[in-house]
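*Asks:* These are the residues of each chain, in order.
Number of protein chains: 10
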Amino acid sequence: MLFQVEMTVNLPVDMPERAAADIKAKEKAYAQEIQNAGEWRHIWRVAGTYSNLSIFDVKDIDRLHEILSGLPLFPYMAIAVKPLVRHPSSVRADDS
Amino acid sequence: MLFQVEMTVNLPVDMPERAAADIKAKEKAYAQEIQNAGEWRHIWRVAGTYSNLSIFDVKDIDRLHEILSGLPLFPYMAIAVKPLVRHPSSVRADDS
Amino acid sequence: MLFQVEMTVNLPVDMPERAAADIKAKEKAYAQEIQNAGEWRHIWRVAGTYSNLSIFDVKDIDRLHEILSGLPLFPYMAIAVKPLVRHPSSVRADDS
Amino acid sequence: MLFQVEMTVNLPVDMPERAAADIKAKEKAYAQEIQNAGEWRHIWRVAGTYSNLSIFDVKDIDRLHEILSGLPLFPYMAIAVKPLVRHPSSVRADDS
Amino acid sequence: MLFQVEMTVNLPVDMPERAAADIKAKEKAYAQEIQNAGEWRHIWRVAGTYSNLSIFDVKDIDRLHEILSGLPLFPYMAIAVKPLVRHPSSVRADDS
Amino acid sequence: MLFQVEMTVNLPVDMPERAAADIKAKEKAYAQEIQNAGEWRHIWRVAGTYSNLSIFDVKDIDRLHEILSGLPLFPYMAIAVKPLVRHPSSVRADDS
Amino acid sequence: MLFQVEMTVNLPVDMPERAAADIKAKEKAYAQEIQNAGEWRHIWRVAGTYSNLSIFDVKDIDRLHEILSGLPLFPYMAIAVKPLVRHPSSVRADDS
Amino acid sequence: MLFQVEMTVNLPVDMPERAAADIKAKEKAYAQEIQNAGEWRHIWRVAGTYSNLSIFDVKDIDRLHEILSGLPLFPYMAIAVKPLVRHPSSVRADDS
Amino acid sequence: MLFQVEMTVNLPVDMPERAAADIKAKEKAYAQEIQNAGEWRHIWRVAGTYSNLSIFDVKDIDRLHEILSGLPLFPYMAIAVKPLVRHPSSVRADDS
Amino acid sequence: MLFQVEMTVNLPVDMPERAAADIKAKEKAYAQEIQNAGEWRHIWRVAGTYSNLSIFDVKDIDRLHEILSGLPLFPYMAIAVKPLVRHPSSVRADDS
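Here the protein sequences come in this chain order: A, B, C, D, E, F, G, H, I and J. Oh and the first sequence: position 68 is 68 in this note's numbering, straight run, nothing missing. Oh and the second sequence: position 11 is 11 in this note's numbering, straight run, nothing missing. Oh and the third sequence: position 57 is 57 in this note's numbering, straight run, nothing missing. Oh and the fourth sequence: position 64 is 64 in this note's numbering, straight run, nothing missing. Oh and the fifth sequence: position 16 is 16 in this note's numbering, straight run, nothing missing. Oh and the sixth sequence: position 76 is 76 in this note's numbering, straight run, nothing missing. Oh and the seventh sequence: position 16 is 16 in this note's numbering, straight run, nothing missing. Oh and the eighth sequence: position 78 is 78 in this note's numbering, straight run, nothing missing. Oh and the ninth sequence: position 9 is 9 in this note's numbering, straight run, nothing missing. Oh and the tenth sequence: position 16 is 16 in this note's numbering, straight run, nothing missing.
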């Protein structure tokens, strides 16, 4: 089941560098683990911003929320979720 | 080079069925040709809407505009374009 | 799996009464069939508007899109979809 | 009488963990008490966000405001209220 | 029970004058009947617009929706509804 | 002369309780004095929010601004002002 | 009493030229009459648009509404009204 | 050359009174000097807000920016600029 | 004097092809004449849309409005104008 | 390849002057270096604001993001990116 999720990060500008680096490192490790598990299929950076566009392939909405609310940067994020289905014009059988 | 494009179609509700079917068929053929050429990498339907979310992988912006403005449904579309780059947390080397 | 869907209907004001009555009757029959099947769990009217707020309990997003895009009034609707999960404060085990 | 209420919580990111945990615990107890009283009929989490969608069944608007303004997290909330009525297509007699 | 309702009328500019005059006359008669019944407590024109701001005092939401959806101009209206309660600073016991 | 004014209060969440209580008490006394003078004709609370909807009947705009900018909570408010006139459908001679 | 009014005109693109020219001529005559009466103190065109920014000096809101709703182009206009008062930094005694 | 400029001031609510008074005094002196020079032709307060609506008559855009960016309150302002031209319906030859 | 202007064209979808081709040809000739005169310094197409971003270098606002309101497609356009000045970081002496 | 980028800077009002001056100096040096390299083709100030409108000519999106995310003021910026292509009405062969 596919979802597009756009995440915009707003870190406080006065956050100590050490703390910012730590939380970003945790975020990266967390994201890569889930990508390697196949649930976080794509993650792109929106050019010129501190936002990412991601495609999630998860078994259900609970799992999506579990992943997103577990992001270390979640408290600093504005998140928009769009549920996707295969497009009738897609040449891919499943286009997951 | 990757772009995310969201296309929302607003066909006039009083468009004759025949004309609507024709233009949709042309749109599908056009979209599948470009997908098979590898430039239109993903196309998903946003659930509950007449919008699609697509990922284009094109050589430059001119080509992107050529594809989009050549869509049979282009005159009936609202289009938003976001340029994408590889995300530092992506586990894919290029994340095409 | 739960989704909240808000549907706002904009029928052309010059639509012949007969056609409007027909399409509304089809919409009602369609909606009641799906409610009776248990997938369209709640449908309320937003007071003072021609919008409804609905809660769908479907097996996946494909089914949600199938239901929504199959609505007779779909071409006349603006639709917003929000995926829901059980709230940690809910006293209902599943709150479907 | 039914109302849909969407509540988005914005806790200050620098709120001490102890204080945040306390206020969330109070919020949960408060919400469960009212759910058990039958006035807070449904509460769902909007996936990927710190928002909830709730359906209240209260005797009047005063009671709704009393409940909402009494929420421990009220000072940190953006709240949108939509009054609901039974939909003519609902298969439920009252669709409470 | 009090509601503030803002109604903005968008009559098609090509509506025949006769039809426009008729529907406005019906609207006025309808509105005055409900005002005289005490349910439509205030109606003001927002200066410079074709909108009105009204205060309704009705027994419940069903009645509010019944009144609003029964307005002859309802199909041409954009309507916003805000449920009101007595303000703690009001010097009026009930502020009807 | 009538104006509708919507006032939304955003007190800093870290404002000391004592200071918050003082300023609210001053606000209440100020508002009741002007209500008793007949200029602040109605004040309602928008259910579920920290906003009020008020109807002012003042001799001119200067007086309106004097009242609003003199509110103790003015620095913490977002204010929207709509000038009103008697509606042609009003059954009240003046509905001031 | 001063009001700033911004008026944006949206004439139907298929309005016959003759009808458009007539209504614009009536609008101009109407506007100049009120300017000469001193109530319509300023009217400027917002560069690049079909909008005007005007300053009205009228005895009360009723008169403002009378003028605006009497504009021949009123049915084709989106209008925003802002009540103004003398600014404390103004060097003009009254800044009419 | 005329510009309409709307300036909304957002002073931090925790700014010491002394500092606020000083910067406002500087702002007033600055504004009055430019008014007396004839470049800042009108300044009005938008009733109920901490915004002003101003009409500038300057030789070019550079001068406009020089004035606005030199305002003592500039760092605390949201500013919107609209270039104006004489309206064809204006009875004033130049309506400066 | 520089202005950035964003023009979005909304041609009626049912405009006869001949009429659409004619008006576009006129628009192109008009735009190229003004470019060659040096006043319309840049015109780009916003990829994926029927909008252009242009930089005008004109003697004053009147001339800007004259050019824009003279565009054959003006009645079908939504236009946004931003006055520009040289940026302090520009390496061009005059990049006006 | 051309992009229009609009950057709005929101420096904290309580940033020490020394720190603000330093970061602005770094920003200026950074911007001028890239302008001299030919990638940052135009930079203008939007009159009355702390925003700039820039035209970038870069080899691809990666380079655009590299430049923008490397701006010393990047953490304090809201950025909007629009990909541009040559306009069919442009008199410049390449006004890419």
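It should be emphasised that the hints constitute simulated quantities derived from the structure, not laboratory data. A few of these clues could be false.
Partial list, derived from the structure: chain E residues whose beta carbon lies under 10 angstroms from chain G [said to hold, decoys possible]:
hint : residue
1    : Met1
2    : Gly48
3    : Ile79
Beyond 10 angstroms from chain G on every Cβ pair, some chain E residues (computed) [unchecked claim]:
hint : residue
4    : Asp14
5    : Glu33
6    : Glu39
7    : Arg45
8    : Ala47
9    : Tyr50
10   : Asp60
11   : Asp62
Glycine included, every Cβ here is placed at the ideal spot set by N, Cα and C.
*Asks:* All hints, please: hold or fail.
*Replies:* Hint check results:
1. A distance limit of 10 angstroms between C-beta atoms decides the matter here; for E/Met1 the minimum to chain G is near 29 angstroms, and the interface restraint is violated.
2. Interface restraint check: E/Gly48 against chain G, minimum CB-CB distance 4 angstroms, threshold 10 angstroms, status holds.
3. Violation of the interface hint for E/Ile79 is found here, the shortest Cβ-Cβ separation to chain G being roughly 18 angstroms, above the 10 angstroms cut-off.
4. With a minimum CB-CB distance of about 8 angstroms to chain G, E/Asp14 fails to clear the 10 angstroms threshold, and the non-interface call is violated.
5. Its beta-carbon lying about 25 angstroms from the closest one in chain G, E/Glu33 satisfies the requirement of being farther than 10 angstroms from that chain.
6. Remark: the non-interface label on E/Glu39 is consistent with the geometry, its nearest Cβ contact in chain G lying 26 angstroms away (cut-off 10 angstroms).
7. With 10 angstroms as the threshold on Cβ separation, the claim that E/Arg45 sits away from chain G is violated: the shortest Cβ distance comes to roughly 7 angstroms.
8. Look at E/Ala47: its CB is around 4 angstroms from the nearest CB on chain G, not clear of 10 angstroms, so calling it non-interface is violated.
9. Chain G draws E/Tyr50 into its interface by the beta-carbon criterion, the shortest separation being 8 angstroms against a cut-off of 10 angstroms.
10. Non-interface status of E/Asp60 relative to chain G is upheld: no Cβ of that chain comes within 10 angstroms, the nearest being about 34 angstroms off.
11. Against chain G, the non-interface label of E/Asp62 holds: every CB pair exceeds 10 angstroms, the least being about 34 angstroms.
Comparing the model with each numbered hint stated earlier shows that hints 1, 3, 4, 7, 8 and 9 do not hold.
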